[in-house]
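Asks: Listed here are the chains, written in short residue letters.
2 protein chains.
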Amino acid sequence: MDIKKTHDIGALGPSMKGQKVVVGGWVEDLRELGKLTFLTLRDVTGVSQIVVAGPENLQQVKDLTRQSVVLITGAVQESKARDFAYEIKAEKVEILSRAVHPLPIDPLGRLESGIDNRLNARALDLRNQKTASIFKIRHNVLLCIRKVLTEHGFLEVNTPKIIGSASEGGANLFSLKYFDKQAYLAQSPQLYKEQLTLGLERIFEISSFYRAEKSHTVRHLTEFTSVDIEAAFMDYTDVMEILEQLVVSVFEHVEKDMYPGTKELGDRNQKTHDSF
Amino acid sequence: MDIKKTHDIGALGPSMKGQKVVVGGWVEDLRELGKLTFLTLRDVTGVSQIVVAGPENLQQVKDLTRQSVVLITGAVQESKARDFAYEIKAEKVEILSRAVHPLPIDPLGRLESGIDNRLNARALDLRNQKTASIFKIRHNVLLCIRKVLTEHGFLEVNTPKIIGSASEGGANLFSLKYFDKQAYLAQSPQLYKEQLTLGLERIFEISSFYRAEKSHTVRHLTEFTSVDIEAAFMDYTDVMEILEQLVVSVFEHVEKDMYPGTKELGDRNQKTHDSF
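Chains as they are written, first to last, in our numbering: chain A, 514 to 789; chain B, 514 to 789.
Check before you lean on any hint, since a few could be wrong.
One copy or two, it doesn't matter: identical chains are merged, so the pair holds either way.
Stated by the list, open to error - Simulated crosslink set (DSS-like; lysine-lysine; CA at most 30 Å straight-line):
hint, residue 1, residue 2
1, LYS690, LYS575
2, LYS706, LYS727
3, LYS694, LYS602
4, LYS694, LYS533
5, LYS548, LYS660
6, LYS533, LYS727
7, LYS548, LYS643
8, LYS575, LYS727
9, LYS575, LYS660
10, LYS769, LYS694
11, LYS605, LYS660
12, LYS694, LYS518
13, LYS690, LYS518
14, LYS593, LYS690
15, LYS694, LYS727
16, LYS706, LYS548
17, LYS605, LYS690
18, LYS605, LYS769
19, LYS690, LYS643
20, LYS690, LYS727
21, LYS706, LYS690
22, LYS575, LYS694
23, LYS517, LYS690
24, LYS643, LYS706
25, LYS769, LYS690
26, LYS727, LYS660
27, LYS706, LYS575
Everything labelled a hint here was simulated from the structure, so no lab data went into it.
Because the structure is a prediction, the values reported are computed rather than measured.
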């Protein structure tokens, strides 16, 4: 592409009136109103209204389908719309990818779909803001865990997942052939953690681990992300205190302090367009 | 243990003269000098000199072996030693674990050991400051990569490692039995990444991946930590720019700005005791 995004939508606001921007995303909605067409354009950081006018641009968006991917070059201007604090008057509309209709699921979440349909159309499902929020929050939870543990002097390590024998009793292991040998997928970093604390004192690992147990609930997975800490010179009360602080910090961070680019900016825009 | 560490050694300094502290670590060196015994005590954050006096305390350290783990209660005082900016006058010496000699390797690194001996005595090898530094730097490199990518609006994701079919051609996969099915260990997050960008735009994953290829060099591992990014609305020049900034930031961060508790504080203490 010759033209490139200059801004995430979340970085725009009414204070930028008159500024020329290039934004990109997918079309959530289209409304023809006389000699204007209004697009609702979403990217991962937010949602904006695009005003399209003029014969050439109107021709471009005439048969445009919802969820198509477009690049818009235009200028920020005040909006008369109740739902938007500003809008972009399009100078150029470039269609990067046209969505084929009917869509397999409704990414706005107005029509609910079963989990199988959602997973089969996962790319569209990720445009559902409820689904996207799970990924955004998860990112921030993990980031905050790493930050807090680092501040407590914990070092992150990566232990082997292909191991020669079980680390702990009790759990069933997946086995695999490692060239001529029998090997297993690690069910925890336990043995490695204990050795590591003898020289590094406080360590943690956030990684996938594996247990070959048939799932009876949605909370027992064969492959899961484990947050695991181990510390020398601490007893269980010290560890509980750290874990308590960790949980509190994660909630505070997710509520107040999500990192730039990972949350939607612009409360007013968000109000009417997020499904939760 | 009844007594607990109040400070990491790296947090102590000559400005704390008179303050009572409890520190814990392993004994790197012991020297009897008349009616005093000097211990060099190291924890993961630094190294300090401990002055032991009085019949009861001297009795405690009489047969103490190097690399034994001790808790020291004492007060910070000025040091006349050339190598230390301060020292701790021990009031109480508690031996938590006595090291059995001869040691299998020299954790100070004066005597070099082969890799097999080092791995067999890995806990001691981690007390070699060259080995420990690799873990500390690695922690900070990963932390900085996550920080920089987050600042660029990338979300961290965790894709499945147990997969039903190969993500990319070319690489040999480890196969395993997943209950009644055949499964494979992922060699990259490629297919997942591509789907994820359709709704989340910029994503990355830092995780172990697996390739069933016999290693011909120490840089080709069957299990390795992969840093992998994928982005929508970018071309290769944008990606190269981000990766270039990432590498520069990592070097700057490791050099200037390692997180508290993950580097040794107190330059003067460090000078004569680090192996590099």
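Asks: So, for every hint listed, does it hold in this structure?
Replies: Against the structure, the hints come out as follows:
Proximity of LYS690 and LYS575 under a CA criterion of 30 Å is satisfied in neither setting, with 57 Å inside one chain copy and 52 Å between copies. In this assembly of identical chains, LYS706 and LYS727 lie within 30 Å of each other by CA distance both inside one copy and across copies; the values are 27 Å within and 27 Å between. With identical chains, the CA atoms of LYS694 and LYS602 are never at most 30 Å apart, being 65 Å at best within one copy and 54 Å at best between copies. In this assembly of identical chains, LYS694 and LYS533 lie within 30 Å of each other by CA distance neither inside one copy nor across copies; the values are 62 Å within and 55 Å between.
When the C-alpha separation of LYS548 and LYS660 is checked against a cutoff of 30 Å, the pair qualifies neither within a copy, at 52 Å, nor between copies, at 46 Å. Taking CA atoms no more than 30 Å apart as the test, LYS533 paired with LYS727 passes in neither setting, with 56 Å inside one copy and 54 Å between copies. Taking the shortest alpha-carbon separations for LYS548 and LYS643, neither the intra-copy value of 34 Å nor the inter-copy value of 71 Å comes in at or below 30 Å. Proximity of LYS575 and LYS727 under a CA criterion of 30 Å is satisfied in neither setting, with 52 Å inside one chain copy and 57 Å between copies.
For the identical chains of this complex, LYS575 and LYS660 are neighbours neither inside a copy (49 Å) nor across copies (42 Å), given an alpha-carbon limit of 30 Å. In this homomeric assembly, LYS769 and LYS694 never come within 30 Å of each other (Cα to Cα): the closest approach is 50 Å inside a single copy and 45 Å across copies. Taking the closest pair of Cα atoms, LYS605 and LYS660 never come within 30 Å of each other, the shortest separation being 43 Å inside a single copy and 35 Å across copies. Taking the shortest Cα distances, LYS694 and LYS518 never come within 30 Å of each other, neither inside one copy (51 Å) nor across copies (44 Å).
When the C-alpha separation of LYS690 and LYS518 is checked against a cutoff of 30 Å, the pair qualifies neither within a copy, at 47 Å, nor between copies, at 45 Å. Taking identical chains as interchangeable, the C-alpha atoms of LYS593 and LYS690 are never at most 30 Å apart, the minima being 65 Å within one chain and 61 Å between chains. When the C-alpha separation of LYS694 and LYS727 is checked against a cutoff of 30 Å, the pair qualifies both within a copy, at 25 Å, and between copies, at 13 Å. For the identical chains of this complex, LYS706 and LYS548 are neighbours neither inside a copy (67 Å) nor across copies (40 Å), given an alpha-carbon limit of 30 Å.
In the homo-oligomer, the alpha carbons of LYS605 and LYS690 never lie at most 30 Å apart, since the shortest distance is 57 Å inside one protomer and 54 Å across protomers. For a Cα distance limit of 30 Å, the shortest separation of LYS605 from LYS769 qualifies neither inside one copy, at 37 Å, nor across copies, at 45 Å. With identical chains, the CA atoms of LYS690 and LYS643 are never at most 30 Å apart, being 40 Å at best within one copy and 34 Å at best between copies. Taking identical chains as interchangeable, the C-alpha atoms of LYS690 and LYS727 lie at most 30 Å apart whether they share a chain (21 Å) or sit on different chains (13 Å).
Taking the shortest alpha-carbon separations for LYS706 and LYS690, both the intra-copy value of 25 Å and the inter-copy value of 27 Å come in at or below 30 Å. Proximity of LYS575 and LYS694 under a CA criterion of 30 Å is satisfied in neither setting, with 63 Å inside one chain copy and 49 Å between copies. Taking the shortest Cα distances, LYS517 and LYS690 never come within 30 Å of each other, neither inside one copy (47 Å) nor across copies (46 Å). In this assembly of identical chains, the alpha carbons of LYS643 and LYS706 lie at most 30 Å apart only when taken from different copies (19 Å versus 36 Å within one copy).
For the identical chains of this complex, LYS769 and LYS690 are neighbours neither inside a copy (47 Å) nor across copies (44 Å), given an alpha-carbon limit of 30 Å. In this homomeric assembly, LYS727 and LYS660 never come within 30 Å of each other (Cα to Cα): the closest approach is 34 Å inside a single copy and 37 Å across copies. Taking CA atoms no more than 30 Å apart as the test, LYS706 paired with LYS575 passes in neither setting, with 61 Å inside one copy and 32 Å between copies.
Comparing the model with each numbered hint stated earlier shows that hints 1, 3, 4, 5, 6, 7, 8, 9, 10, 11, 12, 13, 14, 16, 17, 18, 19, 22, 23, 25, 26 and 27 do not hold.
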